[in-house]
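Residue numbers (my numbering), protein chains in the order written: chain A, 8 to 412; chain B, 556 to 706; chain C, 2 to 254.
Bear in mind the hints are in silico, worked out from the structure with no lab data behind them. We treat Cβ as the ideally placed atom computed from N, Cα and C, and that holds for glycine. You can take every hint at face value.
What the simulated footprint calls covered on chain B by chain C, stretch by stretch (three residues with Cβ under 8 Å from a Cβ of chain C suffice, anywhere in the stretch; the number is not a length): (1) 588-601; (2) 605-616; (3) 636-642; (4) 672-678.
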Amino acid sequence: MFDHSVIPALRDALHLVTGFIYPNELELQWSVLIVLYPYITGLVAGAFVLASLERVFDVKVIKPTYRLALLVALAFLLVAPLPLNMHLGHPERGFEIFLTPHTSSAMAMFGFVYIWYLMVVLLMEIWLDYRKEIVLWSRSEKFWPKRLVYKVLTLGVDNISPRSLEIDDKVGKFLTVVGLPSALLLHGYVGFIFGSIKANPWWSSPLMPVIFIFSAMASGIAGVMLIYMFLNWVRNVKIDMPCLDMIAKFLLTAIIVAFSLEMLESIQTIYEAEEHFDIISLLVEGKLFVSMILIQILMGSVTPIILLSITQLVSLSEKARKFFYALAGSLALIGILAMRWNVVIGGQFFSKSFLGFTTYKMELAGREGLLSAITLEVLPFIILAGLLYLLPPWEKEESGTAANG
Amino acid sequence: MKDIQHLLRVAVIFAAAIVGFLGIRHLLVPESFGKYGHYRAASVDEIAALPMRYAGEDACKRCHSQQAAEKAKSSHKRIACESCHGALLAHADNPRSDVKPRRPKEAEMRAFCGRCHARSVSKPAKFPQIDLAAHNPDAPCNMCHQPHQPM
Amino acid sequence: MRKFTRSQFLKTAVGAAFVAATKAFAAPLEAADKFFREPPWKRKKPYWGYAIDVTKCIGCGRCADACKNENDVPREPFYFRTWVERYILRRSGEVQVESPNGGIDPWSDIQDPETVTRSFFVPKLCNHCEHSPCVQVCPVGATFKSEDGVVLVDQKYCIGCRYCIQACPYGSRYFHPVKHVADKCTLCYHRIKRGQKTACVECCPTGARMFGDLSDPNSAISRFYEYEPTQVLKAHIGTEPKVVYKGITKEVR
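Just chain A, same shape as in the assembly (with noise of 0.2 Å):
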């Protein structure tokens, strides 16, 4: 259905090529929907890493986020595959990839990084943490249904003995520390399907994951302090400073270690000057002057880099803090949004005869375009809301204090 509006677009791209490219190089095959596609997993990447913090490296200070973290990684994780599988030409031959996956591809490695990641680490993960409290709820819970969900969950063990649950938070220490190189490993992978593209001067170089992974991390930072942030102007709790610090403190090493990388790579393939150096600085100065050197470095890397420095540096009142910190995590967020961009869009848009440009225009409607990418942003979100409601994760910090207190 969505094919013939495809030629007509096509037809009129034809006038807006620069220079000259292979005639089959006119579309550009990789839209929007592969730019969100490691923008969200990145973001799940990125979560789950700063879940790992609290749990395998004992930064107690930002328990307040850490099973907020877990959820907004399930939550976000449970999207990933759907830009993916929507961009397909044959959708409904998806599952081939589960059936016969080719071991030299990266790409066939996403079904079982995925499903390891998801099923294994994630899900286990969180529910080995919410085990007591799911068995509770299902005693307690008024509301039927919710009740019902609970006790499927509980898989009909209502045995919350201290052994029992001294045994869940050992398996669940051992989940995250397997967990946190599977974060990696799926972004990382994420990285690679790129990285590894020999064809794309763009794209090949095996920094390609490493600076995924980082940037990857910065977002799931940003994201989750951003959320937690909301979350408790919206409930209208205080925010805990010291954790919110904490966080503001990863999310600057993040951020610095992910644009140092950008810019050694950018040095490099500067002081190499290979055969497309021109293509590229071409495509740098122009087609991507906007979305790269303005949003992804100035306003998505250089900018909250000062902003969270300057909080490390001078001490700033509580509001003050709190502003900076949300300016600096939304402008990481555009940044490495723009940076997916730039990656996957921009990599596209030079000729592999590394003579001209071909163009991209975004459709408004249709299975890839702008509405279909602005749900797939919002669906993470209304999905998070639905376990918000489920697993509420603040509850345990409050019946922690008192059974502490």
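Fit chains B and C to the known structure of chain A by using the hints.
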């Protein structure tokens, strides 16, 4: 044992899921997949069985032996019939079919022959080329040159 | 379980050390012998190869047109299994390339012909690479290299992820707008299996295009591979194309 009962249930669920997946996978993977390599071997035969459109010169010669003989003596001897006359397997299979050999009309002829013979610096210098604007501009090519014996 | 005595352990350890030491000596020497890798067409029969003699190409575009006719390639000017490019090299060093409707439409007149140092036509098609990046990245095994060396797409199995199109360094693949799968040159597999020439070779009036069985040492293609001064496109990426070119210059990509 009692305290890890819930974990055992999870293990059972995972085990069931894996067994179920393997079972479904066994049913859904195409039969010929993996016979030669990581692909569906049957697809090679499917591609090989696709219909042709060009008959090949031998098919033309069977009926048009006179033209073929003329052409064989000319400088166009290495050019296949269908290079100028179009894809004609349907015609070869059934001469009464709607698919007819392409014969450029007089008005199109200079452009048609010019496609190969118009002068251009991009063409190999040895190749016979004419300046379309200067070389008898109003005459159709076949006034002097017969395509099957051009010189 | 068998008891493992200390003397046995020592013997094994000494033995292992000896093997490792011998290997350490021999490996650098053996590596040189492994340098040569026999091409698959010495083992497999038939094995298809393709060659283009740019010094014979007149840019008539018959090949690109014939290919579309033979293979139901959409007639739009942005879907091609094969196409022809015209290179114009100028004294200033400027390189101009064009391919109006893949070379099916007439070429534009060359501006300032006195500044042109060299101009020629370069037909392009899938290179049927020995180490095809498109095959490597296909997640499901829908694109593959057949036993006789032709890179094919299984249109019933392709999920349409377009990863192969991204991975092809030569722009040889496109996304079929109706079938919603990747599509590319099959080397007219349905023709060559029936003993016919590919449509492009059949219709080439000057013999600029040729194909044949590389496993037959007496075939024209084998002789072309062995005796003509040939190059492949983008040799540095290590795809090992089985389409070789005679007469292209360093500007051709």
